[in-house]
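Q: Go by the hints and put chain B onto chain A.
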Amino acid sequence: MSRNLHLNIKHLTRVEGHGNIVVNVTDGRLERCELEIVEPPRFFEALLKGRHFQEAAIITSRICGICSLGHQITSLKATEAALGLEISEQTRLLRQLLIDGATIQSHILHAYFLAAPDFFGKPNAFKLLTTHKDVVLRALRLKRLANDIGDIVSGRAVHPITPVPGGFTRLPTETELNALLKKLIETGRPDMQATVDTFSTVLDDIPDFTRETEYISLKNADTYAFYDGDLFSSDTGSATVDQYRDWTREFVVPHSTSKHCRHTRDSFMVGALARWNNNHEQMLPAAREAAQTLGLKSSCHNPYMNTVAQVVESDHCLEEAIAIIDLLLTRGLKPEKPNQQPTRYGRGIGATEVPRGLLYHDYTYNRQGNIVAANCVIPTGQNLANIDADMKKRVPEILDQPRETIQKELEMLVRAYDPCISCSVHAIQVTFTGGAPPA
Amino acid sequence: MRSRPKVAFFDFTGCEGCQLNKLNLEDHLLDILEQVDLVEFREAMDETAESYDIAFIEGSLSTPSCIERIHDIRRRTRILVALGACAATGGINALKNIHPIDDVRETVYGSEKYRFPTLPALPVSAVVQVDYEINGCPMSLPEFLNVFKALLMNKTPDIPDAAVCVECKLRENECLYDRGMVCLGPITRGGCEAICPSFGQFCTGCRGLVSDPNRQAMLDILTDHGLSLNDAKKRLLLFNSHSLNPSSGLTH
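Protein chains in written order, with my numbering: chain A, 1 to 439; chain B, 1 to 252.
Only chain B is shown next, with the shape it has when bound in the complex:
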């Protein structure tokens, strides 16, 4: 019999909410743990390992040591999965990339800024090859389970690529635009079952953009519904500063 695949979880710059979410799998978690050899997960256990079959990466890369560590993990692992918005798209961390990096350091740390080396917050794929991405802030548990199960069965996981609006319509929600709100559902990648609009809150774009987003049409909709062009652009950047503004993330 083949040995159980070695699985590891790594956290970089982020809130660790996706790690926490995994503990909310409860019974499923125990079922999965029986199928794998969990070899590294700093937040929950003391042990470490030399190599992995599947490495899940949480968080953005934002310091020189993050870059070193991710190269090291990539060398040791067969499959690398970016887990959650920070790792997959840069997430909310990448908001800092739209400001000149030296200004950010100086406003926060003042004259002490040289003690705190920082880079633009990058998604993992900006530095090493990523095999699969699980989106969302926080990641969706059903999606995580689907990808995990597919990988354990040597199948290619199905990553959603239809807009949040599609799932929102399937749930027969009243459109938030008809309720006087503005929402990023039209260009945001689904897979969340439109959870925010279903709870009456606008889509923030946390799952990244669909693969062929019409940015101009989105800006037109936002400005038609009352936002200034500047506010509309700001709203788009909330979770997507890296993909919409890649130059600022890579040239500072």
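Here chain A stands alone, though its shape is the one from the complex:
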């Protein structure tokens, strides 16, 4: 087919941050097809220069408002590894609970407010109010509930307050946890079930597209990995977290202020679908049932299904949150002060599964407890090469369709990855030399 097609979708809507989709087809030949990243850089690593270990997580949580908890926890893990700060089992459980809340919050926001308007044929979620008010209200309720976890355990869901190196500055009370548990069971469970039902009605609108790729996530022998684990690739198996630079080999491309990444192939995928593909056997039973209802197969190579995997993971996180609170209440909360007495000064790496995939923070501290080198590798940056590769396969497959259909399908594809562009451009490797900044 000898078609000409030139798409330039500027400042793609309903994604976090600023990106453009550019497609050029001349005489049926695909010349250019890519997601341009045009977000202004913020130079976060420069901001960290000379900063004390008590300030690192305060600064890095500001990389992103949607992922602030993920950045904070990962930052704390890197700092604790670098300074040899041990944390208690209780701290670990509370952090896992926070990750469950943040994951539900982020996935629900994406599935309902950013992705769902495409399925319902609306330009935005507010327009759904007239036709599907119950759906919008349910989405807001679930988001509120997920934020309640953040508010109660960390003081605030956006830019959390209480998680600090070595523990928490304040613990939730048992009364607060009991009230939260009640809400998760009484309104969370029915709302989550209704969410699964709603998304099961839009499966026909999810494009039928397959491109097998390498799937990378954490893997943990005990649980569906979010808080920690080893690196795992669907191609090469396991590795320790300190191998992360080889697993995220970064390269500069001209069309993006965020670097691209590769491991063994030209691209790989991280995020809900990658986690599902690698770890679905460890998912809690309720969520596996949801996966069945939503037609999510145990090995799924359709990136559009990432949104569905997010819904399934939300269900898992809800059940995990209920189980953790139950356990904390059974054991009783012990008053603990954060452990902030360093036993060493050096380099530490934190790796966490945050809503969009695998996040790494890597800090080196001097003997004053100030940062001398920092590197953060962000899930969206790791996915960018894979998004381009998907678009390059998809465009020729649908080139006989009307221009509007092609545009919509490509927008949906990028949205399915739930890219967080603010994050992706704000963390690029840097090593500092010299001492403290001028004050």
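Wrong hints could be hidden among the right ones.
As the list claims (entries may be wrong) - Below, a list of computed lysine to aspartate or glutamate pairs in the DMTMM-like style, where the Cα atoms sit at most 20 Å apart:
1. A:334 / A:118
2. A:408 / A:118
3. A:127 / B:40
4. A:10 / B:172
5. A:122 / B:220
6. A:122 / B:103
7. A:127 / B:72
8. A:392 / A:208
9. A:297 / A:411
10. A:10 / A:411
Said to hold, decoys possible - Covered, in the sense of this in silico footprint (three residues per stretch, anywhere, with C-beta under 8 Å from a C-beta of chain B), are these stretches of chain A:
11. 59-70
12. 144-155
Treat the hints as calculated values from the structure; they're not laboratory data. Just so it is clear, the structure is predicted and the values come from calculations on it, not from any experiment. Every residue gets a Cβ at the ideal spot worked out from N, C-alpha and C, and that includes glycine.
A: Here is chain B on its own, set in the frame of chain A:
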């Protein structure tokens, strides 16, 4: 009947956390949406508009194109509100202003630095006239609601200007200095109900400084409580690099 005011939200250089926070208003959000005509909000909707009654600006200005866009928005809007620390004070972005800008670009992007034009991160008021500022990182939702409601009723919003310490005392918190911590509450603008000290964490100064801050007294307190003078200055700059160090923000 008067038509509903046209409201728009714009994001510049920032984390979009304040935008996200608005979705956490839930029921209030729907009530407000009934009172206004929401005409532009890229993160949540596809549509755009030509002019606005109220434009909320989130994020700092940090590239030449940011400067162009903000002038354009100022021309189209009747009222302009800076929303959140990045827009109101430069926030955490402005930390980069204390380093020479070329060093920052070079350390981060190396030889590729010329591909990424950047300016010092500026609050909106450094470039165009700002009618109101809502502080905080993230902004406080009750404060946002108060300002929004006041504007819809053509009233002048009340912007808090007492120190965080005042609100902390009203909540009867134990002073963090008495617990061996250092805190920026004494010179930081309140309005947050002292949320961080109430949760056992020191005030970071995210809401900017009170209108008449005693910097020297603050430095004395910090050094009396164990920080070196250099660490005390660094702590003050965490969220206030622009206001405390304006020359570095404007002359590079």
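Q: Now, for every hint given, state plainly whether the structure supports it.
A: Okay, the hints, checked on the actual structure:
1. A:334 / A:118: This hinted pair is violated, its Cα atoms lying about 47 Å apart.
2. A:408 / A:118: holds (8 Å)
3. A:127 / B:40: holds (13 Å)
4. A:10 / B:172: Violated. Residue 10 of chain A to residue 172 of chain B sits at ~51 Å, over the 20 Å cutoff.
5. A:122 / B:220: The given pair, whose Cα atoms are some 58 Å apart, is violated under the 20 Å limit.
6. A:122 / B:103: violated (46 Å)
7. A:127 / B:72: This hinted pair is violated, its Cα atoms lying about 28 Å apart.
8. A:392 / A:208: Distance ~15 Å between residue 392 of chain A and residue 208 of chain A Cα, so the pair holds.
9. A:297 / A:411: Violated, at roughly 24 Å.
10. A:10 / A:411: holds (11 Å)
11. 59-70: holds (count 7)
12. 144-155: Since three or more residues must qualify, the claim that chain B covers the segment 144-155 of chain A holds, with 3 doing so at under 8 Å.
Of the numbered hints given earlier, the model fails hints 1, 4, 5, 6, 7, 9; all others are met.
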